[in-house]
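Engineer: Okay, here's what each chain looks like letter by letter:
2 protein chains.
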Amino acid sequence: MSQERTEISSLGEFGLIDHLTKNIELKNASSIVGVGDDAAVIDHFGKQTVITTDLLLEGVHFDLAYTPLKHLGYKSVVVNLSDIYAMNAMPTQITLSIGISNRFGLEALDEFYEGVYAACEKYDVDLIGGDTASSQKGFVISITAIGEVAPDKYVKRSTAQNGDLLCCSGDLGAAYLGLIFLEREKKIFLENPQVKPDLEGEKYVIGRLLKPEARKDIIDFFGDAEVTPTSMMDVSDGLSSEILHICKQSELGCVLYEEKLPVAEETRKAAFKFEIDPTACALSGGEDYELLFTVAQKDYDKLVLNEQISVIGHMVEQEKGHKIITKGGNTFDITAQGWNAFR
Amino acid sequence: MSQERTEISSLGEFGLIDHLTKNIELKNASSIVGVGDDAAVIDHFGKQTVITTDLLLEGVHFDLAYTPLKHLGYKSVVVNLSDIYAMNAMPTQITLSIGISNRFGLEALDEFYEGVYAACEKYDVDLIGGDTASSQKGFVISITAIGEVAPDKYVKRSTAQNGDLLCCSGDLGAAYLGLIFLEREKKIFLENPQVKPDLEGEKYVIGRLLKPEARKDIIDFFGDAEVTPTSMMDVSDGLSSEILHICKQSELGCVLYEEKLPVAEETRKAAFKFEIDPTACALSGGEDYELLFTVAQKDYDKLVLNEQISVIGHMVEQEKGHKIITKGGNTFDITAQGWNAFR
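So the sequence lines, in the order shown, correspond to chains A and B.
Numbering of the first sequence is given in the numbering used here, commencing with residue 8 and proceeding in unit increments.
Numbering of the second sequence is given in the numbering used here, commencing with residue 8 and proceeding in unit increments.
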């Protein structure tokens with residue numbers, strides 16, 4: 008963080024908004040009116056609009072002790088875009104509201120916005136509105152993402168079919184190990200501030216936690232390969248929890264194969280170091296922001312062309328329950344170990 | 008508030024969302040997919056989409072010492088709809104995110120949502136998505152409102168013309184007096200909890216603060232009378248601050264007449280009681296959620312048919328500045344006394 012410090016109060020609310028938004032150039036043709044009025048205006052040219060929103064609170068969703076503000080800005084945008092992609096849609100705009108206490112100077116806020124704009128740039132979305140408020144305590148972030156999809160091409164969670172293949176993108180469990188690692192380093196640091204953390208060895212899992220990406224490439228692939236998933240959602244709470252959502256909403260059961268779960272080599276190594284089962288990380292870790300989806304069996308030949316997609320199981324009748332078959336050949340019920348916000 | 012208390016943790020996050028959203032019936036034809044997926048889907052049938060968002064923080068934007076949760080829910084929705092109307096658009100959907108600490112039970116949250124749903128019902132908007140999070144401290148509310156408008160019928164702040172009439176809806180200054188009154192009663196109560204507040208005499212100004220309405224009727228009137236304002240915004244920070252926004256963004260000056268400012272009889276009485284100038288309340292009070300707009304002089308004959316609209320001044324060249332002419336015939340510069348979030 009920069010050593011300079013400009014008090015935000017020196018700008019006033021409108022000066023602050025001007026400062027934070029002065030470099031915005033609207034890139035999407037559908038962004039007609041952006042920041043600076045009561046509301047933004049979007050033209051969707053006959054497409055359908057997709058909307059999602061997330062609230063991120065300091066101390067609950069992120070810890071500024073080990074989260075650089077630029078990464079936080081980037082991730083805040085990405086987790087919302089991930090929800091738009093999970094509808095098989097393309098994000099086009101976001102609105103961003105922040106609540107900040109006076110412990111943040113303008114330089115800190117600029118770092119946060121740098122990350123926000125970097126994500127907007129990478130994913131071709133326009134920041135078109137928002138709200139700034141002073142908070143008494145803690146950093147509050149609320150983002151709403153807007154996307155578009157050709158009529159009736161959106162993909163819900165509730166439309167998986169019996170016999171469909173259950174698939175996911177990328178690899179799982181790394182973000183959770185990144186969190187475990189950073190929490191441990193924080194504890195060591197608080198006990199002994201002289202010890203410098205050695206993050207080098209865990210770059211991959213830490214990167215997956217602090218700077219996740221949304222799987223635009225998978226949605227592009229679906230378009231190019233002319234595959235429409237029968238159901239889809241993103242993996243934010245943890246794979247097992249998300250699978251149970253799709254099963255419940257589609258009124259189906261599933262069979263999942265442990266040996267098919269995609270886990271990166273770096274994740275396995277980190278899990279080994281922390282003496283945690285990598286499968287448990289993949290199933291329950293959360294924050295991976297991969298896509299979980301089902302496709303008809305007839306699309307299998309197309310899917311195998313994409314190395315970033317793993318077939319991890321298949322859908323069965325609801326009566327057959329939700330099962331995982333382990334590498335050792337045992338069968339267990341899948342249980343949601345996903346994050347419960349209120350415990 | 009009800010005496011019963013159900014811990015929110017007993018439901019879990021998804022149980023809570025089910026509980027809060029189980030009675031939603033989507034009413035707008037454009038609401039295709041609502042709560043329960045990664046994102047909601049909206050079809051705009053060739054109309055343009057209008058989006059606005061607000062972040063409301065306990066202790067900054069509202070005080071639960073004198074704000075009933077039902078009113079808070081209602082107002083949270085209304086203030087966002089007001090921004091949509093201020094674009095000459097009709098709101099159709101909202102998303103609602105809340106952060107709550109464990110000091111709130113389920114019954115309290117139900118009261119809040121009762122207000123949210125009452126506003127949705129009154130203004131014909133659908134709640135289509137959101138997020139719930141636990142907060143460490145304080146109640147956090149983030150609402151995004153979505154509306155629609157026929158292509159190019161939206162009205163911005165920057166398009167007022169020289170010579171246009173400056174108008175506002177309803178009456179001004181009441182909400183500010185409601186706030187002064189409730190803050191005084193709170194202070195009395197904290198000093199002596201035995202004293203029962205007598206709110207009866209100040210019902211109007213308190214009502215304007217705690218349960219504001221958005222001016223849908225004015226937008227309906229514009230449609231019926233075939234009047235399109237040349238610029239418009241809603242009065243949330245205070246009339247003088249909003250007038251300066253329109254002037255700045257339209258690169259114009261203005262002349263405002265004190266005698267034309269609409270102030271309710273109840274507001275004058277309350278101002279007298281508190282020894283505050285009612286004109287100061289109207290100019291700087293804020294939270295009135297009336298509409299401030301400019302219209303071409305040719306539309307004057309149509310406007311006078313609506314008793315809810317006051318012509319309060321007119322637009323002049325930028326060089327002539329921003330002036331208010333008092334009842335005594337003196338001329339002063341208009342200064343923004345609007346709320347500054349960071350002081």
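A hint or two may mislead.
In this list, chains with the same sequence are indistinguishable; a pair is considered to hold if it fits within one copy or across any two.
With a cut-off of at most 27 Å between alpha-carbon atoms, the simulated DSS-like pairs for lysine-lysine come out as follows [to be verified]:
no.	residue 1	residue 2
1	K255	K34
2	K193	K77
3	K34	K330
4	K34	K54
5	K160	K77
6	K255	K29
Just so you know, the hints here were simulated from the structure itself, not pulled from any lab data.
Just so it is clear, the structure is predicted and the values come from calculations on it, not from any experiment.
Engineer: Quick check: which numbered hints come out false for this structure?
Structural biologist: Hint check: 3 and 5 fail, others pass.
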